Amino acid sequence: MNPIPRQSGCRVQDHEISRRAFLSHSLAVGSGALLGTSGALHALDEDSLNAQLRSTGRSVILLWLAGGASQLETWDPKPGRPTGGPYAAIPTSVPGVHISELMPQMAKRMHKVSVIRSLNTGDGGHGTAAEMMLRGRKNEAALDYPDMGAIFAKELGRADSKVPGYVSFYSQSEGRGNTRKTSAFLGARFAPMNLDADMMPPNITRLDDISGLDHAERADLRDLLSARFARGRENETLKSHAAAYARVQGLMSSEELFDIEKEPQAIRDRYGPTLFAQQALMARRMVEAGVPFVRVARAWWDSHGQNFETHAEMVPELDHVMATLLDDLEQRGMLEHTLVVAMGEFGRTPRINGSLGRDHFASAWSAAIFGCGVQRGAVYGKTDEDGLTVAEDEVGAGEVFATVLRAMGVDPHHEYHVGVRPIPLVNPGIEAIRPLLA
Amino acid sequence: MEKIPEKIEESKKLSRQDMAFCLATHPGSERVVFGSSDAGLHEVDLAQENPEPVSFSGEHGHSSYVTGLARGSGGLLVSGSYDRRLVWWNAETRTSIRAVDNAHEKWIRQVTASPDGTLVASVGDDMICRLWNVADGKLVRELKGGHATETPHHYPSMLYACAFSPDGELLATADRVGHIVVWKVADGSQVRTLEAPVMYTWDPDRRRHSIGGIRAIAFSPDGRQLAVGGIGQIGNIDHLGGPARLRLFDWEKGETEAELESGEVQGIVERIHYHPGGKWLLAMGGDHKGLALVVDTATNKIVSETRTPANHAHDFAFTDAGDGIYVAGHNHLTAHDLVAG
Numbered sequence: 001m002n003p004i005p006r007q008s009g010c011r012v013q014d015h016e017i018s019r020r021a022f023l024s025h026s027l028a029v030g031s032g033a034l035l036g037t038s039g040a041l042h043a044l045d046e047d048s049l050n051a052q053l054r055s056t057g058r059s060v061i062l063l064w065l066a067g068g069a070s071q072l073e074t075w076d077p078k079p080g081r082p083t084g085g086p087y088a089a090i091p092t093s094v095p096g097v098h099i100s101e102l103m104p105q106m107a108k109r110m111h112k113v114s115v116i117r118s119l120n121t122g123d124g125g126h127g128t129a130a131e132m133m134l135r136g137r138k139n140e141a142a143l144d145y146p147d148m149g150a151i152f153a154k155e156l157g158r159a160d161s162k163v164p165g166y167v168s169f170y171s172q173s174e175g176r177g178n179t180r181k182t183s184a185f186l187g188a189r190f191a192p193m194n195l196d197a198d199m200m201p202p203n204i205t206r207l208d209d210i211s212g213l214d215h216a217e218r219a220d221l222r223d224l225l226s227a228r229f230a231r232g233r234e235n236e237t238l239k240s241h242a243a244a245y246a247r248v249q250g251l252m253s254s255e256e257l258f259d260i261e262k263e264p265q266a267i268r269d270r271y272g273p274t275l276f277a278q279q280a281l282m283a284r285r286m287v288e289a290g291v292p293f294v295r296v297a298r299a300w301w302d303s304h305g306q307n308f309e310t311h312a313e314m315v316p317e318l319d320h321v322m323a324t325l326l327d328d329l330e331q332r333g334m335l336e337h338t339l340v341v342a343m344g345e346f347g348r349t350p351r352i353n354g355s356l357g358r359d360h361f362a363s364a365w366s367a368a369i370f371g372c373g374v375q376r377g378a379v380y381g382k383t384d385e386d387g388l389t390v391a392e393d394e395v396g397a398g399e400v401f402a403t404v405l406r407a408m409g410v411d412p413h414h415e416y417h418v419g420v421r422p423i424p425l426v427n428p429g430i431e432a433i434r435p436l437l438a
Numbered sequence: 439m440e441k442i443p444e445k446i447e448e449s450k451k452l453s454r455q456d457m458a459f460c461l462a463t464h465p466g467s468e469r470v471v472f473g474s475s476d477a478g479l480h481e482v483d484l485a486q487e488n489p490e491p492v493s494f495s496g497e498h499g500h501s502s503y504v505t506g507l508a509r510g511s512g513g514l515l516v517s518g519s520y521d522r523r524l525v526w527w528n529a530e531t532r533t534s535i536r537a538v539d540n541a542h543e544k545w546i547r548q549v550t551a552s553p554d555g556t557l558v559a560s561v562g563d564d565m566i567c568r569l570w571n572v573a574d575g576k577l578v579r580e581l582k583g584g585h586a587t588e589t590p591h592h593y594p595s596m597l598y599a600c601a602f603s604p605d606g607e608l609l610a611t612a613d614r615v616g617h618i619v620v621w622k623v624a625d626g627s628q629v630r631t632l633e634a635p636v637m638y639t640w641d642p643d644r645r646r647h648s649i650g651g652i653r654a655i656a657f658s659p660d661g662r663q664l665a666v667g668g669i670g671q672i673g674n675i676d677h678l679g680g681p682a683r684l685r686l687f688d689w690e691k692g693e694t695e696a697e698l699e700s701g702e703v704q705g706i707v708e709r710i711h712y713h714p715g716g717k718w719l720l721a722m723g724g725d726h727k728g729l730a731l732v733v734d735t736a737t738n739k740i741v742s743e744t745r746t747p748a749n750h751a752h753d754f755a756f757t758d759a760g761d762g763i764y765v766a767g768h769n770h771l772t773a774h775d776l777v778a779g
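Top line first, the protein sequences correspond to chains G and Z. Using the working numbering, read the first sequence as starting at 1 and increasing by one per residue. Using the working numbering, read the second sequence as starting at 439 and increasing by one per residue.
Calculated directly from the structure, the hints in this document are not laboratory data. Don't take every hint at face value.
To be verified - For each label pair, taking beta carbons as the anchor points, the in silico distance ranges come out as:
hint : chain 1 : residue 1 : chain 2 : residue 2 : range
1    : G       : Thr389    : Z       : Val492    : 31 to 41 Å
2    : Z       : Pro659    : G       : Pro82     : 37 to 47 Å
3    : G       : Asp359    : Z       : Glu697    : 48 to 58 Å
4    : Z       : Thr556    : G       : Pro104    : 36 to 46 Å
As the list claims (entries may be wrong) - Okay, the calculated bits of chain Z under chain G, using three or more residues with CB under 8 Å as the criterion:
hint : segment
5    : 453–464
6    : 483–490
It should be emphasised that the depicted structure is a prediction, and the values quoted were computed from it without experimental measurement. Ideal Cβ positions, reconstructed from N, Cα and C, are used throughout, including at glycine.
With these hints in hand, go ahead and build the complete structure from the sequences.
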């Protein structure tokens, strides 16, 4: 564990002002994806966690490196070793810490980032490993757990919010299905708005043959009738129904939020022209608008052949996007209430195969994290000299999950209930990685 | 050996833990020098029953994969590496003579010598070809501006391959997206550009990255034909599971003479050499395993394709007599006999 220069406390009050200002002129959105609910579960209780937390305006951006990026070509290089590959390690802004030469921009910002180099997650299958990393544990045979996004949508999303609680960008088709079972027993209310084909949600534009006035009057009429119908009826489904309509109305009135053309060209240029870069910029816009959780998937890293060419192509993009996002969040004063996590379902084998590829490897790999609630410039854990095993401070999916929850102010041991069964957010015995917490 | 070989039979194998990426022969002997993933150069005499490699040493060396090796005049070898460095070696003493640090701004992919051995050309991912005087190590000329640094999809491109024409007056370079430039060595001007986009597979939907590139290039002995090799039109770009590809150009006319792809044998072509007689060419590479394609240059057709017993082949050279080859590959250095029908 490297020395930690300073902490990154979340100063929420400052943020509230900028958020309101932003909201006042740019949005009031809702999510068509949030239609529907599951009223049978206690998990839907709106007061399951404290209201104060929801008021903090904290958000998470998950950069989901689907397919499994190589830790050796990113955060844990082993130059000169038989497993090390051809790329050099370069010094970073944290003395004594080196990362791959493919990440020069992040190397300069390493004092603002923390890296976990000791992940041993034990599952080398894309589907099951993705489910596990997104939940911090494996699903049970008879019970699926909600994923990270659904939990934060529930715990950080405001009941009165008109923005989606969970937005997911996943444009590549490979591995997308591994991320689809999301909200589980929390219900569709906390499922993501999936923006796969386009960054603009489909069908949010008012039909041409309905005027703005007509549209508003229809909404008023629907509200009037709903209120009359609900009078004297205490029913969660009715409440959810009304809330969903409100969100859809908000969404329809906020095309601009999803329109990247509204972002100044200079900002778009900073992020760069690739789809991943543009989606990362959209994630920042979403978070700025109050979306609690945004996943930006960058698939597909599964370099069984030509690993070094694939990483020479993709890591510079990751490096640039992460560095730009970090700078952008920091310059807007958002880094202190936004947590960014970069990880996939596993890493890649130290052994280099005959096609100059690396295969699936879950025994000793890395993830990176920066922003709200976590230390800066820390490196947690260590692998052996060839990267074959974890040498120090081994952690699994549960610990990473608990760390993300804790960093955001959510108690990992908080319990939901499915019927009468208490369901803690992490498995018993799992704790956050304390040295990484601010 | 003028006849087209029907079989490629492994005659000797030196198993290795490392990867041999490039090699140079020693005329008049069976000594082979190869550049390795262990950042070293090693020599092995394949005439010996149980050959033991001897490592090169000296003040200068590499710190990453050695990916290019060429034999120049005066008993000199020049090697290039992902460490961006070129190193000059005395082939007899197996010691380094000089190094040029930052010979390229990015990784060096190939080094090749002019036919008279006075120049070496190096190509790297800075998308520049540089010509060096073998005798003194001085930069003679830069061939730049011919290859874009980015792919059309805004990712870094790579400059993989280069080859001198038989008379040494021209040099051809080829990159990841299938762009080829023929340069005039004397003044660095561009003589011709050619395209083989089939060598570049961009997957916009499922995986959103690319695979491929022209990895091998060679002029025919008469200088008329230019052959390039790689892989293309791969369904699943996670693997090298596509047909090995060759494209043959009448380069002066700018015309494609043949577009060839392997059948059952899959993988990427890493190196092409025309047989000195010019009647056929051999292309080698592979996926996990090695592959060899023989092309009859009279018909411009693949006449044999072989899955070699050894792993993926990165480089090869003909024996002096032209009746065999030495192959540098994944975990091996091998010798093969070319058996005519």
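Checked hints:
1. Judged by the Cβ atoms, the range 31 to 41 Å given for Thr389 of chain G and Val492 of chain Z holds: they are separated by roughly 34 Å.
2. For Pro659 of chain Z and Pro82 of chain G, the Cβ-Cβ distance of about 39 Å falls inside the hinted range of 37 to 47 Å, so the restraint holds.
3. Range check, Asp359 of chain G to Glu697 of chain Z: about 32 Å between beta-carbon atoms, so the 48 to 58 Å window is missed.
4. Separation of Thr556 of chain Z from Pro104 of chain G is about 37 Å and conforms to the stated range, judged on CB atoms against 36 to 46 Å.
5. A count of 3 residues in the segment 453–464 of chain Z with a Cβ less than 8 Å from any Cβ of chain G is obtained; the coverage claim is therefore met, three being the minimum.
6. Chain G is given as covering the segment 483–490 of chain Z, and this is violated because 0 residues of the stretch bring a CB closer than 8 Å to a CB of that chain, at least three being needed.
Hints 3 and 6 from the list above are not met by this structure, while the remaining hints are.
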